[in-house]
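Below, each chain spelled out in residue letters.
Number of protein chains: 2
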Amino acid sequence: MKQPFRQVMLGLFAGIASITLIACSAQQNEISNSRVDVPFSPALMSALKAKQASEQSDLAYDIVKSLTVEVGPRIPGSSGDKRAVAWAQAKFEELGFDKIYSQPVRVRNWERGFADAQVVAPFEQRLVITALGGSVATPEEGLEAKVLMFDSIDALAQANAADVTDNIVFLNTRMSRDRAGRFYGVVVSNRVNGAVEAAKLGAKAVIIRSVGTDNSRFAHTGIMRYDDDVEKIPAGAISTADADILEAMFTKESEVVLNINMQAKDAGWQTSYNVIGEFTGSDKPDEVVLISAHLDSWDEGTGALDDGAGVGIVMAAAKLIKETIGQPKRTIRVILYAAEEVGLVGAYQYVRANKDDLGNIIFAAESDFGAGQIYQMDTRFADAVRNDPSDLYAALLDMGIELGNNTTNGGPDVSMLPSHGVPVLALKQDGTYYFDYHHTANDTLDKIELDDIRQNQSVWALVTAYMAMSDFDPRPAPPAS
Amino acid sequence: MKQPFRQVMLGLFAGIASITLIACSAQQNEISNSRVDVPFSPALMSALKAKQASEQSDLAYDIVKSLTVEVGPRIPGSSGDKRAVAWAQAKFEELGFDKIYSQPVRVRNWERGFADAQVVAPFEQRLVITALGGSVATPEEGLEAKVLMFDSIDALAQANAADVTDNIVFLNTRMSRDRAGRFYGVVVSNRVNGAVEAAKLGAKAVIIRSVGTDNSRFAHTGIMRYDDDVEKIPAGAISTADADILEAMFTKESEVVLNINMQAKDAGWQTSYNVIGEFTGSDKPDEVVLISAHLDSWDEGTGALDDGAGVGIVMAAAKLIKETIGQPKRTIRVILYAAEEVGLVGAYQYVRANKDDLGNIIFAAESDFGAGQIYQMDTRFADAVRNDPSDLYAALLDMGIELGNNTTNGGPDVSMLPSHGVPVLALKQDGTYYFDYHHTANDTLDKIELDDIRQNQSVWALVTAYMAMSDFDPRPAPPAS
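Those sequence lines, one after another, are chains H and U.
Here the working numbering is used: the first sequence runs in plain steps of one and ends on residue 481.
Here the working numbering is used: the second sequence runs in plain steps of one and ends on residue 481.
These aren't lab readings, by the way, just hints derived from the structure by calculation.
If a hint is listed, it holds; no wrong ones were tucked in.
Heads up, the list lumps identical chains together, so a pair's fine if it works in one copy or across two of them.
Cut-off 27 Å, straight-line C-alpha distance, at most; resulting in silico cross-link-like pairs (BS3-like, lysine-lysine):
| # | residue 1 | residue 2 |
| --- | --- | --- |
| 1 | K284 | K322 |
| 2 | K65 | K146 |
| 3 | K355 | K99 |
| 4 | K82 | K146 |
| 5 | K65 | K252 |
Here chain H stands alone, though its shape is the one from the complex (with noise of 0.2 Å):
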């Protein structure tokens, strides 16, 4: 349970350099505010001034939009990722960083091919497939077979292999909308697993209905897992409208026959990078405030939405930061990681290759939800001194920005460091649209609205200033409850 806090009076322009709150208690929140003047922090006064100067500038919009056209998909290992690489080199370059580096990333590459799929009967009909990353192909001709059609992965569970053996498994789950987008969640399985649930029981091939909230003819690809022991089928999405289509041909009467032709095929091995770019800390540079995007995207989108937009974000704060308030205190490290969207791979490999430095790290985050606007700061912060930046709490506050809770994992490629005792914080952002676009052909520029993206650039240059120009320290992060 969040409280608005909408009497907030940020006195920056007025002179006044206090916050005043006119708070609510929060019931069932551990967060307490009560009514307060909440002095000034010189770190907020400076981050304030980023903040200012981010609210004119279209910087993140953009670099976006230097990224989608000047090189568009870059599927992890493909060569569009590897002029992602030398993109992000020269962005940063251009951009003025003190200190840019990559780090190697080995990586698979996967090629996406042709992808058909025809119903033969009860009525002949094409419908838009599109293979599942990291699927095998279809038999070259394809592969024909009757469908039987699940309600979810657990309902696929519950069936009899006798019946599934030799047929085609079609996962028609669908997906709510919300802005949190916690259905993705329930839905991903279907993806992720369902080859190896569906050949567990004799299944030829699965196709699911797109783990999306549109409703179009875009399918949605994104990573599926085989395992070792289990034979490995073809996986393919169809799109929610195909689903709608092929869901009504289900009668008592007629027995459902598909043709699909998949020609995805593994690419081999290929060196990917996580692409670096620092201001190097004036007063404490051995302490490191680490902001973060993916560079990879899928292939059938200019990855726009994901990540473009995170890539944006984090490389416009920081250089609006150096811009305004100039070397920061602390070092402000932009990691455009690789190889999200196949399983974090540069994430691991980062984590990996400074494990050694990581205590070095005050806090990590990283975007990669989108441009919607954001409307809550989650932390992973020492109990202790969580409450201590109250200041910059209320600053988010004036933004209409509320403080949650005190657990996340801080975005995909950075989950993992908690458990490293690095501290970290999730910006959440507005996905009520995200899953409508979330890997298809249509994540691209036009899906981000200006004002929306330059609300995240001052929100993250107003916290990443702040943290690296204070002396606050969450460090360390405390473990999963």
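Here the structure of chain H is known, so what remains is to put chain U in place on it, guided by the hints.
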């Protein structure tokens, strides 16, 4: 200038057989309404029964579902089109029409084939492209050329042949959104005439920003034309998102080079059919009330909005009238025209084949603008009697539907009838989102709201029943003013 009439009270179910109008004077409208008691005609009493039945019926929706699931895409002359003809005949039978017949229509079939577009410079990027209907193919290996961008076809007309020769012309006109779809007429010339205008200046090919109001990766196809005196060059549409990407590549420094490969082909003459179902009039079988839609669709979507919705609406309206009030006094003729998309071919064939009987048609109308709610009725009725069916107009006002102008052409497939003296009317639908989906793969059943198509069905049932049960005779249509 239309005036809303919100205070109309419809007395049918309260047992009061009259309508009280609180009317406004229509300053800029020839329709004159004043505060009157409009007595119900017996025709209106019957029509309101049909409307009431319709309000509980899913029939129009179910018909569209049947067509889109069981047949799907049905470009004129294709195997899908042939299946659609068989479907329509069977559906008329299932619905109990007492006269069902087909009228052959010779049509040139065209196959879309493979289409691909790759930006070669300044940045490698693949664009979503689709061939325009009727386009010739590129050479088998594709064609590569510098791209010249124009804001409009008018701007192209100002260009020098020396600049355009051997290049690819890109017509990049944005389309605005409105309820009546007025901007389609403004922009569609790019699609229809772009190839001829570009070829006149020596261009190798033309691509257009899709004629659509969406921002997405769906390219909008649609018919284009050649001129026998001008070289035929390939013509394609790129999605609006891809048009943005391409546009962003045009800078002072860079030359934009594109490789296009489209393997569309003419597939020869085929026979399609206008499929016609009738409920024969009991009193005046030779007086015909003609309601229509078109059976064909483009080939990438399932033609749910264009024009499955119209097919469902007019078939259902006729069936519900028969079911509710029995055999109509006049004949209700439902025509599902062939080959509208490629130039109203079925409609012209109908006029040719029935030129001696057109005088029997009391009025004609077509539903061909999706399934958005109806908000206005325009007519083309003999001026002297236009205001006679005041009870019908009052009943429509009670549904929120205003009476518009008396100069409509009634819809594409009946637009040639007024010149033969045949009255027409147009039930104008809310097309705010129609051009998001029009002529794309995304024109599927999920875009139709059940409540919306049911409102259409009810209005068509009301108007059609009224005209089939009354003696009102709007013949002949006034000539174009």
